[in-house]
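Required output: the full structure, derived from the provided sequences and hints.
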Amino acid sequence: MKSLFEKIWTSPAFVFFAIGSGGFVGIVFPEYGSQLKPIADLYLSLMQMIILPLMTCAIISSLGSALLDGGGARLLKRSAAIFLCSMLAGAVAALVCGIIIQPGVGLSPDAQRALGAAMLEGDAKQGGAPPGLWSFVISLFPTNVAEAASKGEMLGVMSFVVLVGIALGLLKDGVGRPVIVGADIILQASLKIMHWILKFLPLGIFSLISVNFAKLGINTISLALKLLITYYISLAAMFVIMIVLGVLKTKKSPMSVLKIIKDPLVLGFGTQSDFAPLALAIDSARNMGANKSTADLVVPLGINLSNVGYVMYFVIACLFVAQLYGKAISIEIGAIIIVGSILVTIAGGEVAMLAIALGPIGLPAEAAMAVLAPIGPLIQPVLVPINILGNILAAVYADVPVSSSSVSATESLKAV
Amino acid sequence: MTGKHTGIIRGIFRAIFWIWLSLSFLPGNPASAEEKYYGDIEKIVAKGTIVVAAYSNDLPPFIFKNADGSLGGLDVELAQDIAKRLGVSLVFERPTDNFNALADLIMARKADVIISAFSITPKRAMKIHFTADYLRLHKALMVNRLKTAELLENSQNIGALNKEFVVIGANEGSVYADLARELFPKATIKLYKSHRLGSADMLAGQIHGYLCDQTCADSYNHPREWHKTQPPANWGLMIRTITLSEGDDPIAMATHYDDRAVNAWLNIYLSQIKADGSLERLVKKYID
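As they're listed, the protein sequences go chains R and B.
Its first residue numbered 1, the first sequence is counted upward by one per residue in the working numbering.
Its first residue numbered 1, the second sequence is counted upward by one per residue in the working numbering.
What the hints contain is simulated information worked out from the structure, not anything from laboratory work.
Computed from a prediction, not measured in an experiment: that's the story for all the values here.
Don't be surprised by glycine CBs; every beta carbon is placed ideally from N, CA and C.
Just so you know, not all the hints are guaranteed correct.
Across the chosen pairs, the derived CB separations fall in these ranges [claimed, not checked]:
1. R181(B) / A373(R): 32 to 40 Å
2. K127(B) / K215(R): 56 to 64 Å
3. K249(R) / H222(B): 50 to 58 Å
4. L140(R) / S194(B): 47 to 55 Å
5. A80(R) / S194(B): 55 to 63 Å
6. A373(R) / H222(B): 17 to 25 Å
7. F17(R) / V283(B): 53 to 61 Å
8. D81(B) / E350(R): 47 to 55 Å
9. N144(R) / I268(B): 57 to 65 Å
10. A13(R) / G205(B): 52 to 60 Å
11. V283(B) / F29(R): 40 to 48 Å
Pasting the structure below:
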């Protein structure tokens with residue numbers, strides 16, 4: 001029986017109260033907000049501590065057991081197709097919003113000067129070439145996995161554990177099964193630790209949000225207000241579309257879908273980290289009806305590779321730059337922007353890499369960097385929940401209706 | 001000794017005193033009128049003026065006209081200080097907008113010294129005698145962002161601009177005209193009489209880039225009170241500055257090869273203002 005305190009502490013309303021009060025403290029009393037940084041840092045470290053074992057074990061156990069029991073290849077293909085479709089949908093939605101609202105048209109001379117000054121400042125700081133697509137390919141295969149993990153280079157770690165999971169699943173006579181089961185057990189232990197950490201969610205969210213809001217520079221907003229509005233409208237539209245897709249697939253009411261996805265989205269909003277809400281996102285995907293191994297595989301892969309929010313972020317930034325320089329958006333240019341933004345997202349989402357999309361259409365990527373630097377922090381908290389929701393849905397839609405793959409690795413070991 | 005003799009001696013002393021007093025009030029010469037200096041320095045002191053050769057157009061922050069019509073700038077202040085220390089008046093000789101032609105003025109004895117953001121080059125040193133450098137300027141390439149976005153892709157790899165269809169501008173007769181030919185042998189090099197004309201063409205997209213020193217780029221990127229024309233609102237949006245990593249542009253004064261004493265004196269002067277920090281203060285005032 002929960003005590004009254006526990007009931008209030010764990011209620012959704014209290015989490016929203018923590019968000020609201022954190023935002024209030026951060027904006028109205030920024031000096032107090034920034035003093036909460038040690039608590040915010042501690043909470044974030046606790047979260048991040050568990051991400052590496054959680055992600056690696058989730059991928060190894062789910063991929064390994066899916067391959068052992070058949071349907072693994074199909075699941076991977078299906079996930080890849082769904083990742084591409086979801087990013088494409090996000091890109092098109094962003095493109096449509098950007099073309100309608102036209103954030104880069106009619107900038108005042110003052111705004112032009114401010115943006116120009118920021119670009120000149122960026123030019124002076126810049127050294128060496130920005131990361132290109134090839135550097136992404138190289139980062140996929142780190143020479144030292146432990147080093148990549150310690151540096152937080154998740155893409156390299158991910159490609160390694162995907163290979164390990166596939167290899168374990170393909171070993172003859174299922175000899176890989178004990179390791180796959182072991183990974184599943186560590187995954188469950190990691191999830192347990194994560195749930196202990198989440199007991200302090202309201203406190204963590206309150207401190208994280210007050211620290212983040214204390215850092216925001218409100219004066220930069222006026223320069224790119226139209227751009228901000230474009231972002232918020234397109235992301236809100238995407239959120240609605242995703243909820244509808246969730247309702248259609250699960251046959252649940254919108255309210256109950258929202259209830260299932262609430263926790264990871266709130267955590268994503270508060271931490272501004274795609275990885276911190278990983279455990280909760282896996283939980284939500286399972287609760288939405290995805291079977292265990294699909295959720296365990298698709299959500300971690302998606303968080304690394306397929307983030308709808310970032311695709312939209314880059315598409316609108318490219319459109320802003322194109323409109324700023326008076327470039328008409330032809331079908332060809334629209335396609336280059338969409339493909340470029342998806343590539344940059346898969347490659348880890350660095351704004352400097354937008355030269356991949358903007359260079360071929362003769363536009364300077366520096367402009368995107370200069371405009372996103374000040375307003376990025378205002379958009380990031382909204383982007384992350386869209387990324388997470390996109391990946392939860394990807395898991396739900398990727399589910400392969402094969403009975404054997406719905407049995408978890410641990411259960412199948414028991415059967416043996 | 002009689003009183004008469006005492007009076008004569010007193011008179012002589014009085015006369016000596018008045019002569020000394022009147023001599024010491026003679027204008028111009030810090031020492032006695034009799035003091036002689038070495039060869040070519042003596043020539044300048046004797047004619048009472050030093051003629052400084054400089055670029056004819058405004059060249060902020062080195063030489064430019066103030067609102068009241070007077071000259072200002074880093075090189076102007078240096079020239080004024082030199083004239084003051086030599087005890088002579090200062091005359092500027094500014095007949096040309098071609099840097100290389102300044103050397104010919106010295107050869108033809110139409111000026112005593114060049115003080116005009118003048119770069120040291122081996123070719124120029126075949127005509128004139130450089131002092132030690134008093135400034136090292138970064139070399140910079142300003143580029144039209146739209147014209148070069150596809151070629152540079154946000155990198156600083158300026159080698160990507162070495163293409164037949166690329167046009168690079170530079171100031172005619174400056175070291176940057178030669179540097180442009182050296183860095184972009186395949187490109188077309190367009191020479192301009194002034195930075196103003198070149199930068200206007202670049203802003204309009206007529207040329208891809210314009211090669212100059214960093215102070216020229218800064219005069220547009222971060223205009224100061226002595227830059228009379230403010231760049232348009234879209235300057236930063238349209239123009240990017242890439243500071244070249246290889247090699248600075250050394251700036252020095254230069255004299256006739258026969259004027260060895262003047263050259264040696266200028267070197268001592270430069271080492272002194274470097275040592276006492278006054279050169280650094282001057283550079284800070286105009287450049288940093």
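We went through each hint and held it up to the structure:
Look at R181(B) against A373(R): about 38 Å separates their beta carbons, and that is inside 32 to 40 Å. Separated by about 60 Å at the C-beta atoms, K127(B) and K215(R) satisfy the suggested range of 56 to 64 Å. Distance hint for K249(R) and H222(B): a CB-CB separation of about 56 Å, consistent with the stated range 50 to 58 Å. Checked against the hint of 47 to 55 Å, the pair L140(R) and S194(B) passes, with Cβ atoms roughly 52 Å apart.
Range check, A80(R) to S194(B): Cβ separation about 59 Å, and the 55 to 63 Å hint holds. Our hint of 17 to 25 Å for A373(R) and H222(B) holds, since their Cβ atoms are close to 19 Å apart. Our hint of 53 to 61 Å for F17(R) and V283(B) holds, since their Cβ atoms are close to 58 Å apart. Judged by the Cβ atoms, the range 47 to 55 Å given for D81(B) and E350(R) holds: they are separated by roughly 51 Å.
Distance hint for N144(R) and I268(B): a CB-CB separation of about 59 Å, consistent with the stated range 57 to 65 Å. Restraint check, A13(R) to G205(B): a C-beta distance of roughly 58 Å satisfies the suggested window 52 to 60 Å. For the pair V283(B) and F29(R), the supplied restraint of 40 to 48 Å holds, since their beta-carbon distance comes to about 45 Å.
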